Amino acid sequence: MKKQYTLAELAQYLGASLIGEPECMIHGLDTLTRAKPGQLSFLANARYARLLEDCAASAVILHADQSEHFAGNKLVVDDPHLSYARISELFDPRPRLEPGCHPSATVAPNCRLGEGVRIGAQAVISEGVILGDGVEVGPGCFIGAGTVIGANSYLAANVSIYHGVVIGPSCIIHSNAVIGSDGFGFAPAEGRWQKVHQLGGVRIGAEVEIGANSAIDRGALEDTVIGDGVKIDNLVHIAHNVRIGKNTAIAANSAIAGSASLGENCTVAGCVGIAGHVTITDKVHLSGMSMVTNSIPEPGAYSSGIPLSPSTEWRKNAVRFKQLNSLMARVKQLEQDKEQDTQKDENEDQE
Amino acid sequence: MKKQYTLAELAQYLGASLIGEPECMIHGLDTLTRAKPGQLSFLANARYARLLEDCAASAVILHADQSEHFAGNKLVVDDPHLSYARISELFDPRPRLEPGCHPSATVAPNCRLGEGVRIGAQAVISEGVILGDGVEVGPGCFIGAGTVIGANSYLAANVSIYHGVVIGPSCIIHSNAVIGSDGFGFAPAEGRWQKVHQLGGVRIGAEVEIGANSAIDRGALEDTVIGDGVKIDNLVHIAHNVRIGKNTAIAANSAIAGSASLGENCTVAGCVGIAGHVTITDKVHLSGMSMVTNSIPEPGAYSSGIPLSPSTEWRKNAVRFKQLNSLMARVKQLEQDKEQDTQKDENEDQE
Amino acid sequence: MKKQYTLAELAQYLGASLIGEPECMIHGLDTLTRAKPGQLSFLANARYARLLEDCAASAVILHADQSEHFAGNKLVVDDPHLSYARISELFDPRPRLEPGCHPSATVAPNCRLGEGVRIGAQAVISEGVILGDGVEVGPGCFIGAGTVIGANSYLAANVSIYHGVVIGPSCIIHSNAVIGSDGFGFAPAEGRWQKVHQLGGVRIGAEVEIGANSAIDRGALEDTVIGDGVKIDNLVHIAHNVRIGKNTAIAANSAIAGSASLGENCTVAGCVGIAGHVTITDKVHLSGMSMVTNSIPEPGAYSSGIPLSPSTEWRKNAVRFKQLNSLMARVKQLEQDKEQDTQKDENEDQE
Numbered sequence: 221m222k223k224q225y226t227l228a229e230l231a232q233y234l235g236a237s238l239i240g241e242p243e244c245m246i247h248g249l250d251t252l253t254r255a256k257p258g259q260l261s262f263l264a265n266a267r268y269a270r271l272l273e274d275c276a277a278s279a280v281i282l283h284a285d286q287s288e289h290f291a292g293n294k295l296v297v298d299d300p301h302l303s304y305a306r307i308s309e310l311f312d313p314r315p316r317l318e319p320g321c322h323p324s325a326t327v328a329p330n331c332r333l334g335e336g337v338r339i340g341a342q343a344v345i346s347e348g349v350i351l352g353d354g355v356e357v358g359p360g361c362f363i364g365a366g367t368v369i370g371a372n373s374y375l376a377a378n379v380s381i382y383h384g385v386v387i388g389p390s391c392i393i394h395s396n397a398v399i400g401s402d403g404f405g406f407a408p409a410e411g412r413w414q415k416v417h418q419l420g421g422v423r424i425g426a427e428v429e430i431g432a433n434s435a436i437d438r439g440a441l442e443d444t445v446i447g448d449g450v451k452i453d454n455l456v457h458i459a460h461n462v463r464i465g466k467n468t469a470i471a472a473n474s475a476i477a478g479s480a481s482l483g484e485n486c487t488v489a490g491c492v493g494i495a496g497h498v499t500i501t502d503k504v505h506l507s508g509m510s511m512v513t514n515s516i517p518e519p520g521a522y523s524s525g526i527p528l529s530p531s532t533e534w535r536k537n538a539v540r541f542k543q544l545n546s547l548m549a550r551v552k553q554l555e556q557d558k559e560q561d562t563q564k565d566e567n568e569d570q571e
Numbered sequence: 221m222k223k224q225y226t227l228a229e230l231a232q233y234l235g236a237s238l239i240g241e242p243e244c245m246i247h248g249l250d251t252l253t254r255a256k257p258g259q260l261s262f263l264a265n266a267r268y269a270r271l272l273e274d275c276a277a278s279a280v281i282l283h284a285d286q287s288e289h290f291a292g293n294k295l296v297v298d299d300p301h302l303s304y305a306r307i308s309e310l311f312d313p314r315p316r317l318e319p320g321c322h323p324s325a326t327v328a329p330n331c332r333l334g335e336g337v338r339i340g341a342q343a344v345i346s347e348g349v350i351l352g353d354g355v356e357v358g359p360g361c362f363i364g365a366g367t368v369i370g371a372n373s374y375l376a377a378n379v380s381i382y383h384g385v386v387i388g389p390s391c392i393i394h395s396n397a398v399i400g401s402d403g404f405g406f407a408p409a410e411g412r413w414q415k416v417h418q419l420g421g422v423r424i425g426a427e428v429e430i431g432a433n434s435a436i437d438r439g440a441l442e443d444t445v446i447g448d449g450v451k452i453d454n455l456v457h458i459a460h461n462v463r464i465g466k467n468t469a470i471a472a473n474s475a476i477a478g479s480a481s482l483g484e485n486c487t488v489a490g491c492v493g494i495a496g497h498v499t500i501t502d503k504v505h506l507s508g509m510s511m512v513t514n515s516i517p518e519p520g521a522y523s524s525g526i527p528l529s530p531s532t533e534w535r536k537n538a539v540r541f542k543q544l545n546s547l548m549a550r551v552k553q554l555e556q557d558k559e560q561d562t563q564k565d566e567n568e569d570q571e
Numbered sequence: 221m222k223k224q225y226t227l228a229e230l231a232q233y234l235g236a237s238l239i240g241e242p243e244c245m246i247h248g249l250d251t252l253t254r255a256k257p258g259q260l261s262f263l264a265n266a267r268y269a270r271l272l273e274d275c276a277a278s279a280v281i282l283h284a285d286q287s288e289h290f291a292g293n294k295l296v297v298d299d300p301h302l303s304y305a306r307i308s309e310l311f312d313p314r315p316r317l318e319p320g321c322h323p324s325a326t327v328a329p330n331c332r333l334g335e336g337v338r339i340g341a342q343a344v345i346s347e348g349v350i351l352g353d354g355v356e357v358g359p360g361c362f363i364g365a366g367t368v369i370g371a372n373s374y375l376a377a378n379v380s381i382y383h384g385v386v387i388g389p390s391c392i393i394h395s396n397a398v399i400g401s402d403g404f405g406f407a408p409a410e411g412r413w414q415k416v417h418q419l420g421g422v423r424i425g426a427e428v429e430i431g432a433n434s435a436i437d438r439g440a441l442e443d444t445v446i447g448d449g450v451k452i453d454n455l456v457h458i459a460h461n462v463r464i465g466k467n468t469a470i471a472a473n474s475a476i477a478g479s480a481s482l483g484e485n486c487t488v489a490g491c492v493g494i495a496g497h498v499t500i501t502d503k504v505h506l507s508g509m510s511m512v513t514n515s516i517p518e519p520g521a522y523s524s525g526i527p528l529s530p531s532t533e534w535r536k537n538a539v540r541f542k543q544l545n546s547l548m549a550r551v552k553q554l555e556q557d558k559e560q561d562t563q564k565d566e567n568e569d570q571e
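Chains as they are written, first to last, in the numbering used here: chain Y, 221 to 571; chain F, 221 to 571; chain A, 221 to 571.
For the record, the hints were derived by calculation from the structure and aren't laboratory data.
Just so it is clear, the structure is predicted and the values come from calculations on it, not from any experiment.
Just so it is clear, CB atoms sit at the ideal spot from N, CA and C, and this is done for glycine as well.
A few of these clues could be false.
Claimed, not checked - FRET-style restraints, in silico, Cβ to Cβ:
1. A:242 with F:519: 52 to 58 Å
2. Y:514 with F:229: 39 to 45 Å
3. F:253 with A:312: 26 to 32 Å
4. Y:564 with F:543: 27 to 33 Å
Said to hold, decoys possible - Computed far set for chain A versus chain Y, every beta-carbon distance over 12 Å:
5. 225
6. 233
7. 257
8. 291
9. 292
10. 299
11. 316
12. 332
13. 353
14. 409
15. 529
16. 539
17. 548
18. 561
Construct all of the structure, not just a fragment, from the sequences and the given hints.
Here's what the structure looks like:
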C-alpha cells in the first residue's frame, strides 16, 4: 500500500535534473526539518536555505541557485513549490472507494454511470443522474435528479447536490458542501415574503475545488456559473446567479451575494463580503475581511477594514470615527481661518 | 412532466388582466432577454422597459404603465415582481420524492406520520417524531427524538435536526442545515471550561426558510425562537436563546450571538455580526458586514465598516485610524490656540 | 425516563451546603422566573437577586452572600454558575443511541470498537477505524479509514471525518461538522492552480467541542492540532496546520487561516478573521469581528472594526476614512504654520 518511487522516476515525472543516486527509493514527502531518510523534501523559499544543512531527507527538490547548499541527492527544478505541489499527489494517502456501487447505496435505475465509477455506502443517486468515467461519490452523498458530473470528479462524504446541476471533470468537492440549493429570493408582499422559486441551475467547470460546508445556490432563472479551475475554500457562500471567472480562488468564510460577477485569476482572501450585482474585473486581489460594495473595474489589490488594537485604545479611536465628518469640517474651518489671517497679514504688510 | 398552462389559467391564478390570447400555452418562465416563444416573462423594473421591444416571450407580466411598450400577450398586474414570484412556483422543476417511506430509510416504530408524508432514502427518523401531512424529508436527513414538523414542510437532503425541536408548517430547510445543536455555553472552571448542557429546544414558526449549512442552536434553558415567515440564508449562525420576530430576513454568513433578540420585518444583509443579549426593534435594516454591539431601539437603516480602497491607499489611511483620538485632540488644540489668538488680537485691537 | 434526584444527592454531587429538606425531589432545572415546584434554579449574577423573592423553584443554587434572599431550599456554593453548569448534565434530555451498531450502518470488518460503542443508523465506518469505549457515532456519520476516536466521545448526526484523523476522549462534535478535509493549498502554475495534496492529518485533544457545520482542515505535511479543552462554536473554519492551545474558545463564524498559531486560554468572539502564519500568545481575547493580520505577543483584549451608525451618518464618515491620511497631513501643516507664526511672533516681540 505504501507508495514508493526511485529518484529517477520522480525526476522524470517532474522533468527535473537529478544530481545523485537514480536508484534511491523515496516513500514520502515532508518539510526540511521533519523529513527522514527515505523521504523527499523541498526548498520553496530561499530564506530557509540554512535548513538544508541539517536536513535528513534522502533528496531535496530545489532551484539551481540553492543546489550547492545541499550535499545529498537533488532534484533541480525551476519552480520548487510547483514541483512539490505536483509530486504531493504521488504520496497522497487518501484511500479510494472500491469500484462499483456499495450495496447499501441507493441508485435510481435510469442513471448513466461511466467506467470505473465508485459510489460509497449509503449514497443516494437520483433519477437520470449521469456520472462520467472514474467519478467517485463518497458515502452518504446525495445527487439530485438529472445532475451531471464529469469524468474523474471526486465527492467526499456527505456532499449534497440538488437536481439539474452540471459539474465538469476533475473537480473535488469536500464534505457537506451543498450545490444547487435555492437562491435567497423573495418578493415583499404586504409585510411578508413571497418565495421566488429558483428555476435556474448551477454550472461548474473543470478542475474546480469546493471546500467543506460551502454552499452554491442555483440561479433564479439563469444559472449560477463557476469557471474552470476556480478554487473555493470552506464555508464560502456563492449566491444565485453569481458568475466566477476561470482560476479565481476564494478563501474561507467569504460570501458573494446574488448576481455578482468576478473576473478570472482573482484572489479573494478569507471573510470577504461582496455585495450583489457588482462586477469585478480580472486579476483583482481582495485582502481578508474586505467589504466590496461597488464594482471594481481596475485590476489590483484592494482592502478595507480596521487593523487590530488593544481594546482600550480601539474604543477611543472608534468613537472618533463617528466624528470624522465633523472633524473634517473643523480642519477645513481652521484652514480657512488661516488663509484669511494670511490674507490679512499680507494686506497689512502692503499697507 | 413538463408543466404548462393557458394564459387564461395564469391570469386567473394571478388575478391579472389578460390582454391577448387566452388559449396561448405557456410552459416556462424566463428573463426578458432569454425568454422564447412558449415562455412567459415579466417586467419588474421600469428601467428595463426598452427590453420589451425585442422580447420573444409569448406573454409578459407587467404594470399597466408599461403595457403599451409590449405588442404581444400581456398579464397586467399591480406588482409584477410579486406576480413573478407567485407564478415561479408553477414552473419549479424540483422533483418531489415518492409518497411513503423509502425502503432504505430508518423510521422508528412509534413515529406519527401524516397523510402523504414522503421520506427519502437513507433518512433516519427517531422515536416519537411527528410529521404533519405532506411533509417531505429528503434523503439522508436525520430527525431526532420527539421532534415535530408541521404540515407541508420540506427538508432537502442531509438536513440534521436534533431532538425536541418544533418546526411549523410550510417551512423549507435546505441541505446540511442543522437545527437544535448545543448552544455554545461553558462556565469557566480553573482555566478550563465546564460545559453547560443545553436543555432548551428550538421553536420555528410557519413558512420559515432556512438556507444550506445554516445552524440554529437549541436554548440553554428556554427555547431559541424563530417567528413565522422568517427567511434565513445559507451559512447563518443563530445562537442559543436568540429570538427572531416575524418576517425578518437574514442574509448569508451572518451570525447572531446568544440571547440576542431581533424584531419583526427586519432585514439583515450578509456577513453581519450581532452581539449577544442585544435587542433590536422592528423594521431595522442592517447593511452588509455591519457590526452590532448595542441594542437598536429605533427602526431605520444602520451600517458600519470601511469601504474598499486600493491596498496601498488603504494602508496609509488605516494606520491613521489608530491616531484618530490623538488627531482629534490636536485639532482641538489648534482650535483653542486659534481662539486664544483671536482673543489676543481683539485685546490688542482694543488697546 | 424522567431523571430525578433528591436535594441531598445534588448537594453531594456539587459539594454544596444544603439548607432545607434533603429529601426534596428535583426533576428539572430552569431560570429563576420560569422554574416551577419540583425544579431547581440558580442565581449566577447578584444583579438578579431580586428575582429570588418570587421564584417558585423547589430549591436554588446560590452563593452564601445571597442566601438570605431566598426563603426556600438552598444549595450554597462558591460559584453558582459553575455549579449550574455541572448540574445541567444531570438533566440533559439528549437521548442516547442503543449500544451496538444499528443494522443499517456500514462498518468495515477490520475496525476496532471499544466496550459500549454505539453506532447510529446509516453511519459509515471505514477500514481500520478505532473507536474507544463508550464512543457514540450519530446516524449518517462518516468516519474515514484509520481514524481514531477516544473513549466517550460523541458525534451527533451526519458528522464527516476523513481518514487519518485522531480525536481524543470525551469530545463532542456537532452535526455536519467536517474534520480532515483538504487544506486550501495550491501552487500557481501559469495562470492556473496546481493542487498541493494535503498529506498531514488532524490531531484533536481531549474534551474538545466542535460546533455544527464547522470545518477543520488536515495539514499539508504536518498535522493541524487542536489542544485539550478547546471549544469551537458553529460555522468556524480552521485551516491547515493551524495550532490551537489548550482551553481556547472560538465563537461562531470565525475563520483561522493556514499555519496560524493560537495560544492557550484565549477567547475569540464571533466573526473574527485571523490571517495565516500569525502567532497569538496565551490569554488573548479578541472581540467580535476583529481582524487579526499580525502576531499578538502580549496577552490582553484586542478589537478592531467600526461601530454601527445610522446609514446616512455612516456614509458621511466612511467617505472621510479615505481622506484620513491627507487629513493628518493637513493638521500637521496647520500645526507647522502655527509653530512658524509663534516663532515669528516671538521674533517680532524680541525685535
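Contradicted hints - numbers only: Of the numbered hints, 3, 14, 15, 16, 17 and 18 do not hold.
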